[in-house]
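Undergrad: Spelled out from the first residue to the last, the chains are:
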Amino acid sequence: MALESLLGQPLRVVNVGLEVFAETLEADGVSVVQVDWRPPAGDARLAALLARLEDDG
Amino acid sequence: MPVRAVLRRSFYQDSVVLMRVAAELRGLPGVREVAALMGTPANHEMLRSAGLATPALAGATPGDLILAVDAETDAQGDAALAAGGRLLEERQRVREATGRVRPLTVESALRTLPEANLAVISVPGAYARLEALTALRRGLHVFLFSDNVPLAEEVELKRVAVERRLLCMGPDCGTAYLNGVGLGFANVVPRGRIGCVAASGTGLQAVASHLAALGEGLSHGLGVGGRDLSAEVGGAMTRLALEALGADAATEVVVLISKPPAPGVLGRLDEAIEAVGKPVVVCCLGAGSRPGAPGRWVATLEDAARAAAATAQGRPWSPRSFEDAAAVRARLGRLERGAPPAGLLGLYAGGTLAYEARLVLEPLLGPIGDGAGDGHDGAHRILDLGADEFTVGRPHPMLDPSLRDARVREAGRSPAVGVLLLDVVLGRAVHPDPARSLGEAVREARALAARDGRALHVVAAVVGTDGDPQGLARQVEALDAAGAHVLPSNAQAARFAALALAPALAPGLLGAA
Chain A
1 MALESLLGQP LRVVNVGLEV FAETLEADGV SVVQVDWRPP AGDARLAALL
51 ARLEDDG
Chain B
1 MPVRAVLRRS FYQDSVVLMR VAAELRGLPG VREVAALMGT PANHEMLRSA
51 GLATPALAGA TPGDLILAVD AETDAQGDAA LAAGGRLLEE RQRVREATGR
101 VRPLTVESAL RTLPEANLAV ISVPGAYARL EALTALRRGL HVFLFSDNVP
151 LAEEVELKRV AVERRLLCMG PDCGTAYLNG VGLGFANVVP RGRIGCVAAS
201 GTGLQAVASH LAALGEGLSH GLGVGGRDLS AEVGGAMTRL ALEALGADAA
251 TEVVVLISKP PAPGVLGRLD EAIEAVGKPV VVCCLGAGSR PGAPGRWVAT
301 LEDAARAAAA TAQGRPWSPR SFEDAAAVRA RLGRLERGAP PAGLLGLYAG
351 GTLAYEARLV LEPLLGPIGD GAGDGHDGAH RILDLGADEF TVGRPHPMLD
401 PSLRDARVRE AGRSPAVGVL LLDVVLGRAV HPDPARSLGE AVREARALAA
451 RDGRALHVVA AVVGTDGDPQ GLARQVEALD AAGAHVLPSN AQAARFAALA
501 LAPALAPGLL GAA
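Just so you know, the protein sequences line up as chains A and B, in that order.
Residue numbering for the first sequence follows my numbering, beginning at 1 and increasing consecutively.
Residue numbering for the second sequence follows my numbering, beginning at 1 and increasing consecutively.
FYI, nobody ran anything at the bench for these hints, they're computed from the structure.
On a predicted model such as this, the values are computed, not experimentally measured, just so you know.
You may find that some hints are simply not true.
Not the full set, but computed from the structure, chain B residues with beta-carbon under 8 Å of chain A [said to hold, decoys possible]:
| # | residue |
| --- | --- |
| 1 | A97 |
| 2 | G99 |
| 3 | R102 |
| 4 | L104 |
| 5 | T112 |
| 6 | E115 |
| 7 | V162 |
| 8 | R164 |
| 9 | V181 |
| 10 | G246 |
| 11 | A387 |
| 12 | E389 |
Just so it is clear, CB atoms sit at the ideal spot from N, CA and C, and this is done for glycine as well.
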């Protein structure tokens, strides 16, 4: 079922990262929400560790 | 050598924005070098090696913006820093003027757009798993552009995706097309009846552009990332994507683009190809032909497009070295001769195109090195300038051609280089006019070689369509005017380069005149 939620359906996009991709999609008339992403405080290894703790929890 | 620098705490900007700022500042009077980047450990290292590190920047974190300028005078350095500040503030102002609230997380973005069905993720690789996992768990398909994602994380993400029957396109997925919409670095191509599954962004771009030239379009182009057919990932996403195109009513013919699958994956891939229930053209670069295997196996990206178009149009097709042998003969006749033949140097922006050129050329010319020009590679070399060793602290050559342009000029001074082989990749979100500066570099390199009494033959292929913002015809014209030989595909360009070096290959490649 999930695959059919994409192919043949209008795209609706959450963009996380390079804003140029959101700009290009919007120019194509695609609904886009740009996430105001920034690196989590602390370093990436710590963020990954926290994410794993969350997974286990 | 005064270095002027500023640090802006908690001021995150993405790498494309920063690249544009740096490019602007490089054009200012007296500016020799510019760094506009976030304070990651890798960027600190880059600043040190570029001689741009200052004590004031030492404490910058990945959330802090660094602007550093090496200029001829302090005043010029300060002027460039001020200009950089103005550019960033202007951007902020435009952004705020839209009045849109920007959610801080994927979760909160879904409150704004609850019917979202796709997450496009291009954060630095170290953070990609977290964002992709959140998206998949919320039922979103994922287009994961980020590279440098550890293999174990890719395995995990794809396992989660397959459990939910969601596509996880990537990591390191450069291009995809969904319902006629291009994602990442995509050429402007028509919609149509050919569906692609691609483990290579530039490979998909090349096939989609050739299909457009052949009057065919894409139903979908599903990226899977370059490691999908590795033993570890096991083709998880390739198999799901093939299944999706098999079930898709708009898709009549399927093309699979990849490097050869790991031996343990081949059996499962064959089963998945068989199960598509539609004609499948398989281009696993380097795998050779596999008579008797499911699908039609072809050797090059161009052949993949030609075989798929012929299948869709109900025409017979067989591979040829050149589409127009007479035109190639005429071109060869016009090449300046005289100097003894020297080596071939391929300078590539597209990794898969570099790989394909090597596959075409090695049977014709013998071994081809891939080193950084230390002279230990033998006569012929092909460099993939998008590879990590060339892009540390630099944008990809598809975004910023200046590094490659410099190497093209350098080749004009080198008696070891007789033929330069180049690719130019067009499309949305890449450089707006790569052939202009490349054409200038080609002209200069050829003039330098001629001054030393040498002929330098420049051979190129352009991946793109007339619908692209750069315009295929305009880009080809600019290279042509600079004296480059532009062939209609990367494989044909590689074969022409071989002929320019070794005319004795002509009977085999061109047949009898």
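Undergrad: Does each hint hold? Answer for all of them.
TA: Here is how each hint holds up against the structure:
1. A least Cβ separation of about 15 Å between A97(B) and chain A goes past the 8 Å threshold, and the interface hint is therefore violated.
2. Given hint, G99(B) at the interface with chain A, is violated; its Cβ is 13 Å from that chain's nearest Cβ, farther than 8 Å.
3. Taking 8 Å as the C-beta contact cut-off toward chain A, the hint placing R102(B) at the interface holds, the least distance being around 4 Å.
4. Here the hint on L104(B) is kept, as its CB sits about 5 Å from the closest CB of chain A, short of 8 Å.
5. Checking T112(B) against chain A: minimum C-beta separation of about 5 Å stays under 8 Å; hint holds.
6. Hint status for E115(B): holds, given a least beta-carbon distance of 5 Å to chain A, under 8 Å.
7. Checking V162(B) against chain A by beta carbon gives a least distance of about 10 Å; that is not within 8 Å, so the hint is violated.
8. At a threshold of 8 Å, the smallest CB-CB gap from R164(B) to chain A is about 6 Å, leaving the interface hint in force.
9. At about 5 Å, the closest approach between the beta carbon of V181(B) and any beta carbon in chain A falls short of 8 Å, and the interface hint on this residue holds.
10. The restraint placing G246(B) at the interface with chain A is violated, with a minimum CB-CB distance near 10 Å, outside the 8 Å limit.
11. Because the beta carbon of A387(B) sits about 20 Å from the nearest beta carbon in chain A, more than 8 Å, this interface hint is broken.
12. Annotation: E389(B) was flagged as interfacial toward chain A, and the flag is violated, the nearest CB pair being 22 Å apart, outside 8 Å.
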